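Novice: Sequence:
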Amino acid sequence: MKKICLLITVFLCGLFVCAQNTIGIPNITNYYKQEYNAGRQNWGIAQDRHGIMYFANNNGLLSFDGTFWRTYPIPNATIVRSLAIDKNDRIYVGGQQEFGYFSPNQYGELEYTSLRKDLPTAENDFADVWAIQIVNDRIFFHSNKRIFEYANAVLRSYSSVYWGFLGYANNQLLAFEYQKGLLYYNNGNWLPRIKTGSLPKGIQIKAVTHLGNDSLLLTSIAHGLFILKGETVIPFETPDINDIAAENIFGACLLSPGKIALNTNLGGCIVIDKKGNFIQRLTKSEGIQNNNVLSMFVDKDRNLWLGLDNGIDLVSYNNAIKNIFPEPIDRNTGYTSIVHKNRLYLGVATGLYKADLTGSGEDISYIKSSFSLVENSKGQVWNVSEVNGQLLMGHSQSGFIVNDNKATLLDKRTGFWIFVPLYDSVPSSVIVAGTYNGINFYNYNNGRITISNDQVTFESARYVVKNKNIIWAIHPYKGLYMVSFNENKQPVVTNYADKKKILSQNHNHLYRIAGRMVLTTDNGIFEFDNALDDFVPSTFFKKLFGDTPIDYLKDDKNGNIWFCSRKRVGVAEYDNGKYRLVYLPELDDRIMSNGFENINIIDSNNVLIAAEKGFFHVNYARYKKSRLPLSTLIRKVQVDSKKEALIYGGYGQALTTVNPDIAYASNSLYFECSAITYAQQQTTSYSYFLKGFDKEWSAWSRKTEKDYTNLPPGNYVFQVKSRNNVDNESPVTSYSFTILPPWYRTWWAYILYGVLLFAILYWFYKNQQFKYRKREAQKLLQQQLRYAEEQKQLQILHELQMGKREKEIIQLKNEKLQTDIEHKNSQLASTAMNLVRKMELFSKIKDDLNAFKNNEETRAASKEFQKIIRMIDSELDVTREWEQFTEHFDQVHSNFLKKLKEQWPDLTPTELKMAAYLRLNLTSKEIAHLMNISIRGVETGRYRLRKKLGLTSNDTSLYDFLMSM
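Taken in order, the sequence shown gives residues 22 to 986; the numbers are from this note's numbering.
Just so you know, the hints here were simulated from the structure itself, not pulled from any lab data.
Keep in mind it's a predicted model, so treat the numbers as computed, not measured.
Any given hint could be a false lead.
To be verified - Here are the simulated SDA-like pairs of lysine to any residue, each with C-alpha atoms no more than 20 Å apart in a straight line:
no., residue 1, residue 2
1, Lys865, Ser955
2, Lys227, Asn263
3, Lys321, Leu761
4, Lys433, Arg469
5, Lys934, Met986
6, Lys795, Leu782
7, Lys201, Asn234
8, Lys564, Asp554
9, Lys138, Gln193
10, Lys634, Arg587
11, Lys563, Val513
12, Lys934, Ser955
13, Lys888, Gln912
14, Lys510, Ile491
15, Lys295, Gly332
16, Lys362, Tyr387
17, Lys792, Ile772
18, Lys865, Val753
19, Lys201, Tyr133
20, Lys716, Thr754
21, Lys222, Asn234
22, Lys427, Val360
23, Lys489, Asn551
24, Lys578, Ser406
25, Lys201, Asn263
26, Lys389, Glu348
27, Lys227, Leu176
28, Lys227, Ser181
29, Lys296, Asn234
30, Lys522, Lys489
31, Lys296, Asn311
32, Lys108, Thr142
33, Lys575, Asp554
34, Lys645, Glu383
35, Lys295, Lys305
36, Lys227, Val254
37, Lys634, Ser417
38, Lys724, Val753
39, Lys588, Thr704
40, Lys727, Val747
Construct the complete structure from the given sequences, taking the supplied hints into account.
Specialist: Here you go:
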């Protein structure tokens, strides 16, 4: 296996050597499988009339608009092998045992319609559909066993043992049949196109291309190329074609009126002219992803698309910017370039390379040549300068003189940056070199350069500029130095005193622009004022660049000023006394920086720019005129940024024919847009305007998406336009839509509001009527009530008069009753007092009798005394009087004793008596006599009564408590 790979490598290398490429390689944009997110292989390519690209991919139909990729699988989820697009943008596709077409629905989304379902069962045994050709309104699908014709919604089948090819060119539909050879289609019949035996036996025709007039180019896998003219087939043989004939040529397409592109299985893409001469080969070395090119297509902007075995590549063949790689494989960093004696010299990180410019034409990128390493130049080449007609090379190791293909050592003491003549006269007798250690001087005499003893050592002199025989040298971050000459013409170095602090820590560069010495720093741009003998801020460059940091300046003979700013390239283009800034965004972040910027302006057709990989060639004259028609498409419209809320899918006429009504609840819209400019997509910016909402167009930006949120109800027109960096502006693309009002602002809502208003008014009227009637009824009722009230008042007055008398009577009765009560209370008190006095009297008599009885003199009459004492004791027994007292007491005091007994049933008769006497407000002494106990006994009785009545607190008076019952 290794031997086979080695043989193939050697074979391909031999091919590359025998055929020289053009030195300029078109910019190649690689679209990797991971980027377009579909299958690896791409079998066919087409473009619709809007400019959208389509690819027959392993995973289905793949579309690309320059910004967004989309994939549309076919129903049986098989590989899409072929596709073609008709004039109505219907996209026909062929898969594995499946074919049909995609077309946009009313919402602009692609929908698939299968044609296989219309086939009879007997004709359903086909496999892959390898090609589709559209002839007027007839669609032809090519499989190995059958060619299907679809016209007027009817399918027709043409069977064969093996159909090897189907193609269309010069208004002829051609097919290659295994047994009959090359045939052409004529009204439902396949007829011989050439004589039998005109083509080699076993040939496999893969493509047919119209070369002009009646000549067709036939390509085959292993037998090379043929010219078909009339019925005659002629082998297309030239030395270059013979070299590529065995590379498995899959197809061909017309790249331009004079160039043909061939896609091969082994050798990438090969470009030849109509005479069969080799022009260019695009392989993995030149930047395509792999050398197996399955399909090709030239779009409307003359860009070449390659469908690869793994990926998709865009070759900007018609672009004004190309790449130059002196080392196709390694692609090392470029530093310097010069055209000297019709040779192009390029200095890179590994040496100096040379290519002969022997071709014709204004654009050297189209010249076929090859680069070779100049002898003795290995290493980093910082600069190549032409001084006094000789080529001097600043090298990382030494200084060299370059003659043709050999570098001769000039000075090996140090590394060299640059060479400049000291004097304006030609030849200059003294040459100045900026070196790693300062400034070296060299004498020139009769074509010979010799080392001078003069040398100024200070710092690395990266930039050297001469101003009136005074040499200024600067390093980006090590300082600025002035080298002048004394009376003995000896160099004297002076360190520039930066009194004004114009130098920055880095990015200090010195140039000579339009006869003026210009210093660029991070603090601004300064010019040297000869009168002031110092640098002053430049009003010219301030007006031109503003605050943009400038790292590099170079003027051309047309007054244009090329510049670099933080890895961006631009031109201050001079026209009619004014400058216009033009940027080249294709080169952003791809050029050299940090003091190694280099732009070589050969002429307006040839500008060489040092890059991180090789060099860029810019045909600025073409670049300015790159006014290809620019169009902008609206590719998606959806509400609320949700996929399921898609209202326009980006295809068909729905953009202009459908004016969708969008519910108020979905009043946030999201738009995706893309300018159809594939080779210059990075130079394109967009501006948006929503008519009915925005007040002005948005600022230009690279943003391809726009959204609006919470739009109020109304009619809107979304508008978008695009432009590129040379102010080529597209027409405005519009999309109209309506945000419906919320339900409460719809017509039926207003009808409902009217009905409700009528109902409210009617209700209000009825309510007022009801209130009026109610008020009238209330008035009547009030009148009736007033009458009744008056009658009642009269009645009351009458009753009051009657009642007054009754009250007077009652009052009299009450007064009489009160008097009676008071009289009875008085009687009770009097009775009680009488009892007290009686008890006191009888007690005293008893005591006296007892004392008398015990006397000696009266002892004989003791029985009589005893009898009297018993009579007194009988009188002292007040039980009968107490019962009478209780009865009268309860009558006067609302059954006080009865209630007291009911509430406290455990009260003794003595305690009830105590309570009654206390209610009569008798003193303790009076109570003691009534109850025939001592005063202390009364106090003890009062205490017991309080305890039984639950009066534990001393704050409550027993008398007050008894009176409250």
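Novice: Take the hints in turn and mark each one as holding or not.
Specialist: Right, here's what the structure says about each hint:
1. Lys865 to Ser955: Holds: Lys865 and Ser955 sit about 15 Å apart, inside 20 Å.
2. Lys227 to Asn263: holds (18 Å)
3. Lys321 to Leu761: violated (41 Å)
4. Lys433 to Arg469: The hint holds at about 17 Å.
5. Lys934 to Met986: At roughly 16 Å apart (the allowed maximum being 20 Å), Met986 and Lys934 satisfy the hint.
6. Lys795 to Leu782: The hint holds at about 19 Å.
7. Lys201 to Asn234: Judged against 20 Å, a Cα distance of about 26 Å means the pair is violated.
8. Lys564 to Asp554: violated (23 Å)
9. Lys138 to Gln193: This hinted pair is violated, its Cα atoms lying about 29 Å apart.
10. Lys634 to Arg587: holds (17 Å)
11. Lys563 to Val513: Not satisfied, since the Cα-Cα distance of roughly 33 Å exceeds 20 Å.
12. Lys934 to Ser955: holds (15 Å)
13. Lys888 to Gln912: violated (38 Å)
14. Lys510 to Ile491: Holds - the C-alpha atoms of Ile491 and Lys510 are around 12 Å apart, at most 20 Å.
15. Lys295 to Gly332: With Cα atoms ~29 Å apart, Lys295 and Gly332 exceed 20 Å; violated.
16. Lys362 to Tyr387: Holds - the C-alpha atoms of Tyr387 and Lys362 are around 18 Å apart, at most 20 Å.
17. Lys792 to Ile772: violated (29 Å)
18. Lys865 to Val753: Distance ~142 Å between Lys865 and Val753 Cα, so the pair is violated.
19. Lys201 to Tyr133: violated (35 Å)
20. Lys716 to Thr754: holds (18 Å)
21. Lys222 to Asn234: violated (28 Å)
22. Lys427 to Val360: holds (16 Å)
23. Lys489 to Asn551: Holds, at about 10 Å.
24. Lys578 to Ser406: Between Lys578 and Ser406 the Cα gap is close to 18 Å, so the pair holds against 20 Å.
25. Lys201 to Asn263: Judged against 20 Å, a Cα distance of about 27 Å means the pair is violated.
26. Lys389 to Glu348: holds (15 Å)
27. Lys227 to Leu176: The given pair, whose Cα atoms are some 25 Å apart, is violated under the 20 Å limit.
28. Lys227 to Ser181: holds (18 Å)
29. Lys296 to Asn234: holds (15 Å)
30. Lys522 to Lys489: violated (24 Å)
31. Lys296 to Asn311: violated (27 Å)
32. Lys108 to Thr142: violated (31 Å)
33. Lys575 to Asp554: Given that 20 Å is the threshold and the Cα spacing comes to 23 Å, the pair is violated.
34. Lys645 to Glu383: Distance of about 16 Å is within 20 Å: holds.
35. Lys295 to Lys305: Between Lys295 and Lys305 the Cα gap is close to 25 Å, so the pair fails against 20 Å, i.e. violated.
36. Lys227 to Val254: Roughly 15 Å separates the two Cα atoms, so the pair holds.
37. Lys634 to Ser417: holds (19 Å)
38. Lys724 to Val753: holds (16 Å)
39. Lys588 to Thr704: holds (15 Å)
40. Lys727 to Val747: The hint is violated at about 24 Å.
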